[in-house]
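Undergrad: Chain A with the ligands: place on chain W using the hints.
Those protein sequence lines, which keep their order, are chains W and A. Just so it is clear: in the first sequence, position 181 is 181 by this note's numbering, and no numbers are missing. Just remember that this note's numbering sits 565 ahead of the position in the second sequence, which is counted from 1.
By construction, these hints were calculated from the structure, which means they are not laboratory data. Every residue, glycine too, gets a C-beta built ideally from N, C-alpha and C. Keep in mind that the hints are not guaranteed to be accurate.
[Said to hold, decoys possible] Residues of chain A clear of chain W, computed beta-carbon distances all greater than 12 Å:
1) N725
2) S823
3) K905
4) L1030
[As the list claims (entries may be wrong)] Heads up, incomplete: computed chain W residues facing chain A, CB under 8 Å, no partners named:
5) R283
6) L291
7) H293
8) G297
9) P314
10) S388
11) G407
12) V451
13) D479
14) A516
15) S531
Number of protein chains: 2
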Amino acid sequence: MARRRASQFLAGYCCSQSHSLVRRPPLCSQEPASISAPGLPHTHGKATSMFKPPSKLYRKLNSQTSCDIMQVHYSRTYGIHQRSFTSAAINIQRSPSFSKLNSDDIGYFKSMLGDKNVVQDEDRLSAANVDWMRKYKGSSQLLLLPRNTEEVSKILHHCNSRHLAIVPQGGNTGLVGGSVPVYDEVIISLASMDQIISLDKVNGILICEAGCILENLNSFLANEGFIMPLDLGAKGSCQIGGNVSTNAGGLHFIRYGSLHGNILGLEVVLADGTVLDMLGTLRKDNTGYDLKHLFIGSEGSLGIVTKVSILTPPKLLSTNLALLACKDFLSCQKLLLEAKRELGEAISAFEFMDSDAMDMVLAHMDGARNPFPSSSYNFYVLIETTGSDESYDKAKLEAFLLRSMEGGLISDGAIAQDINQASSFWQIREGMSEATVKAGAVYKYDLSLPVEKLYDIVEEMRPRLGEKAKVVGYGHLGDGNLHLNIITKQYDNNILAQIEPFVYEWTSTHRGSISAEHGLGLMKADKIHYSKSPETVQLMASIKKLLDPSGILNPYKVLPQSMLQ
Amino acid sequence: MARRRASQFLAGYCCSQSHSLVRRPPLCSQEPASISAPGLPHTHGKATSMFKPPSKLYRKLNSQTSCDIMQVHYSRTYGIHQRSFTSAAINIQRSPSFSKLNSDDIGYFKSMLGDKNVVQDEDRLSAANVDWMRKYKGSSQLLLLPRNTEEVSKILHHCNSRHLAIVPQGGNTGLVGGSVPVYDEVIISLASMDQIISLDKVNGILICEAGCILENLNSFLANEGFIMPLDLGAKGSCQIGGNVSTNAGGLHFIRYGSLHGNILGLEVVLADGTVLDMLGTLRKDNTGYDLKHLFIGSEGSLGIVTKVSILTPPKLLSTNLALLACKDFLSCQKLLLEAKRELGEAISAFEFMDSDAMDMVLAHMDGARNPFPSSSYNFYVLIETTGSDESYDKAKLEAFLLRSMEGGLISDGAIAQDINQASSFWQIREGMSEATVKAGAVYKYDLSLPVEKLYDIVEEMRPRLGEKAKVVGYGHLGDGNLHLNIITKQYDNNILAQIEPFVYEWTSTHRGSISAEHGLGLMKADKIHYSKSPETVQLMASIKKLLDPSGILNPYKVLPQSMLQ
Ligand SMILES: Cc1cc2nc3c(=O)[nH]c(=O)nc-3n(C[C@H](O)[C@H](O)[C@H](O)COP(=O)(O)OP(=O)(O)OC[C@H]3O[C@@H](n4cnc5c(N)ncnc54)[C@H](O)[C@@H]3O)c2cc1C
Ligand SMILES: Cc1cc2nc3c(=O)[nH]c(=O)nc-3n(C[C@H](O)[C@H](O)[C@H](O)COP(=O)(O)OP(=O)(O)OC[C@H]3O[C@@H](n4cnc5c(N)ncnc54)[C@H](O)[C@@H]3O)c2cc1C
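Next comes chain W alone, as it looks inside the complex (with noise of 0.2 Å):
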């Protein structure tokens, strides 16, 4: 493997730029046909074009409802043969404890509502009723629109004497099928909850109703000299309370942080429609507990957000890109550690690849290109710089990866040397999810683990599985948060119980999370015990019964419904 002498590595690519490297087109929020392509999985990160979704086909999807049909098509399309689409496939009875809506219900919600925000309509039922992979579908026949947190409370209060569950849904972009009814939960929709009420800017602290879309609060704010501490590849339909409830990390979180440590305060509706004011705007209040951070995280099941209070980070105006190859993944880790040390927090992503996932990329991707054609390295890192200025930011970047190279932690490297090169870039990174997809049948995972251990699940994988698949590892290097990919030609049980649970108690036993971001809404509800002490998960089933009796606040998801009972 020819290493690349560091005069000509410095000679190579060189820029930065004043505004955001990647174009992403938005997804918009409230017309599920233009947010989603079918079977198209989650871009983890920034989305580009390559993510165009084909809107007339859904379309003509979204009207039908019969889950087949949404089979057929993924299996035609991606060689993807099983997908669960109703509650049925997962097992929950609804339960018995709800109540069935009935006219009366509508009446007082039309009354209270209008009727334009008291949603029967099938189609625009349908679309809420299926989350953004076409994964889960429920069966809801109402969806309701609140204009205004006491309209919320209401609503919750009517629901909670009534025993009619609801689910709290804001862009209905989460990944985890908590975002929308298993049967027939009342949808509570927060769109129309949009707007901006503060912004101080000696502190930077915005305070905005839940229903905020993440990218219009972006660029409201851009203009303000602000940015907001978290971005996703969702951020043009994700709202900014679907973001506190997940506790959406994302790409900035290397920099900016959790949730828990931005999120300034809140307003929560509880199951009986009280009204939490914790909507603080202090970066410092130690009086009492700070129940805040409950609900941010908690994905529905403990209140409704309904306005929000967050501190934002100063907009910064230079921005470096570069992607280098390392021989092993003991150099990356060692890079990371380098790259914390000296260039601190000017590092706004670190991410990596194996050289299984960059194939994969540059066999099924248009236009993807390798910027090392002529050789082949074991694993890629991707490490992105935002400073306040222009040409020191620049050089350090550039001071960095010479001593890196000449330590050899680094085989070769390149920065990108304008928009074109950082998108090209950027789409290697981007196109995994995609690639992984079109090269056959996908086992996704996404796994928090310590990042010494972090590659590991990936090597133990391949000899499990021999032949039959190919297993690729890439992800979030810097937050120690793993994609595990496992493509094989057609979706087999058998290869499925090599995978689980082999590899969420391997996460445990790792002390690792088998949720870094996602959270675990319906889907992982009854894997809780792989991550968390069955007493840490006793004491969340009674805060969950503290806080919401009658368990109307999106139920069968987060926790076991075994524990609820």
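TA: Positioned in the frame of chain W, the structure of chain A with the ligands alone reads:
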């Protein structure tokens, strides 16, 4: 007010250090005689040698129990004429639901912990019964020193079944009376649980027992290239478990944020002895409710923290410190905004003080020196930056200050040239608390307020109190944390009535917090309503009852007693 020319300013002091600028003498942890000067209040930041305790005097006092004698001492030395030392003063009755300790209890504890970890010695007990400020004093007859989580669990299991109330005690440096008993609660000290368990050098994740002293952790980390994300004047005594339990802020809060963002996991023992293993080491983990946040800042009232997992930032090598003069508070505010924008995450401290505060330090603190002797200004700001690139960091700060001076935000300024100058700058800020105490009887308020309102309360207080009082304002401007200090000749109930509840009401009206960083403890348990809504306080009380049905954990603290019956 002469404005120094920018060129002159830059030709002035100039340096950067590769080590901490100020050497702070550690506060010794287990021997209160050496940690505290009676009557010396909280230093709010780095402790300097100014705060050397009159230990002989204290030892004499410590062997006595009469609060009258203490009061005489205080008033003689510092002119403070009223202090409350016992539970009587705060009008709380011992809860009849608690049992009294008997010989069987002692026998059980001795058999389980060994004789030497069951402390009944009067001197040691009386030290543990009194808080750092000598303001609160309990009458516990028993101090237990568990050595591991299992022992903590067995102690709590026993106490819970016997209805024996307990108080968890860390370094006993808390400033709101939370760490000492009110009556005869059993003191559970974490001092013997001070083992470092592991450091993940790739991710900078430290796991340690709760009794580790903050400064020891920092020294350990320094050798490994990391630092703790928090720094307090009390670091030589306070324990990480105490920091977590008070959600301590401190000097570097502006840089590294809240412990809610930095703590990755906790092990906590609940009231009934159940061990909650939430000791995750992952940056991302979205599996269920993130319960560790309930315990961060709950001041020992929901459980005893036994182990901590914390994200530690890399240790950076260059530090710069500037003391600046501003003509008005608006300029300080604008300077903060500009500094955040231009210096970004390089800022590691941003403190302010008004001219009355400055004058008070100059008048009362030996050795305090005004760096701008020929002029007097209305406000002073201290900016510290920390980075990895010595010459660049210095140049960047200089350039920023130059622009700020040209733009009129700064009227004068100096960059510390060596460690002595840096110390003398810090001495001004850190001498503030002691200076106010020396100046007379002082009423102290630790408020969190929106930055643009932060100084208004100082300005409203002045005409309100007239000639009778000197009102000074200083604090952690970067975090919106004001220390409002009102100094009078002698303590006077009429003056108090003009301050309280006005100061709490004013803070509440402006959605501020009546406790920015110290917690509520015993002192402000019944003031919580000024900062939290009734519904939120109600939910806190429900959670307290859920986790600690017998109320044995740190009773009379954090929440109003009336809500827990
Ligand atoms: C292309 C794409 C890229 C993605 N990238 C990332 C990524 O990088 N990182 C990451 O962490 N996730 C990612 N996700 C998943 C992520 O969870 C969601 O994008 C987002 O946070 C959910 O917001 P939403 O408004 O769409 O919520 P929804 O999907 O509508 O809801 C998600 C959950 O939150 C609940 N909920 C929604 N709004 C509220 C509310 N106001 N109050 C209470 N509960 C509510 C719902 O009931 C549901 O349980 C991605 C998804 C897609 C489709
Ligand atoms: C000189 C000085 C400077 C200070 N500076 C700052 C500052 O800059 N910022 C700031 O925020 N605070 C500051 N403080 C106050 C601060 O709260 C404490 O210094 C520190 O966080 C408390 O730690 P400790 O171990 O001394 O806890 P203690 O004082 O022993 O206890 C504090 C509270 O936590 C509980 N507790 C302690 N340990 C545990 C445990 N393991 N499990 C459960 N509960 C526990 C106690 O019951 C009590 O309610 C300062 C104090 C002093 C004396």
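Undergrad: Minimum Cβ distance from A516(W) to chain A below 8 Å?
TA: 4 Å, holds
Undergrad: Given R283(W) as an interface hint, is its Cβ closer than 8 Å to any Cβ of chain A?
TA: For R283(W), the interface hint holds, since the closest Cβ of chain A sits about 5 Å away, which is under 8 Å.
Undergrad: Given G407(W) as an interface hint, is its Cβ closer than 8 Å to any Cβ of chain A?
TA: 16 Å, violated
Undergrad: Would you check whether H293(W) satisfies its interface hint, that is, whether its CB is within less than 8 Å of any CB in chain A?
TA: 3 Å, holds
Undergrad: Say whether it holds or is violated: L1030(A) keeps its Cβ farther than 12 Å from all Cβ of chain W.
TA: Answer for L1030(A): holds, closest chain W Cβ roughly 25 Å.
Undergrad: Return the status of the interface hint for P314(W): holds when the least beta-carbon distance to chain A is below 8 Å, violated otherwise.
TA: OK, holds: P314(W) within 8 Å of chain A, min 5 Å.
Undergrad: Is the hint on S388(W) kept, meaning its closest Cβ partner in chain A is under 8 Å away?
TA: 6 Å, holds
Undergrad: Hey, does N725(A) actually stay past 12 Å from chain W on C-beta?
TA: Holds, because the least Cβ-Cβ distance between N725(A) and chain W comes to about 15 Å, which exceeds 12 Å.
Undergrad: Restraint: G297(W) near chain A, CB-CB cut 8 Å. Satisfied or not?
TA: Holds, because the Cβ-Cβ distance from G297(W) to chain A comes to roughly 6 Å (cut-off 8 Å).
Undergrad: Hey, does the V451(W) contact hint survive, CB to chain A under 8 Å?
TA: Status holds, d = 5 Å.
Undergrad: Tell me if S531(W) is really an interface residue toward chain A, meaning its C-beta lies closer than 8 Å to one of theirs.
TA: The hint holds - S531(W) has a Cβ within 8 Å of chain A, the shortest such distance being about 4 Å.
Undergrad: K905(A) clear of chain W by more than 12 Å, beta carbon to beta carbon?
TA: Violated, since 6 Å does not exceed 12 Å.
Taken one by one, the earlier hints fail for this structure at numbers 2, 3 and 11, listed in ascending order.
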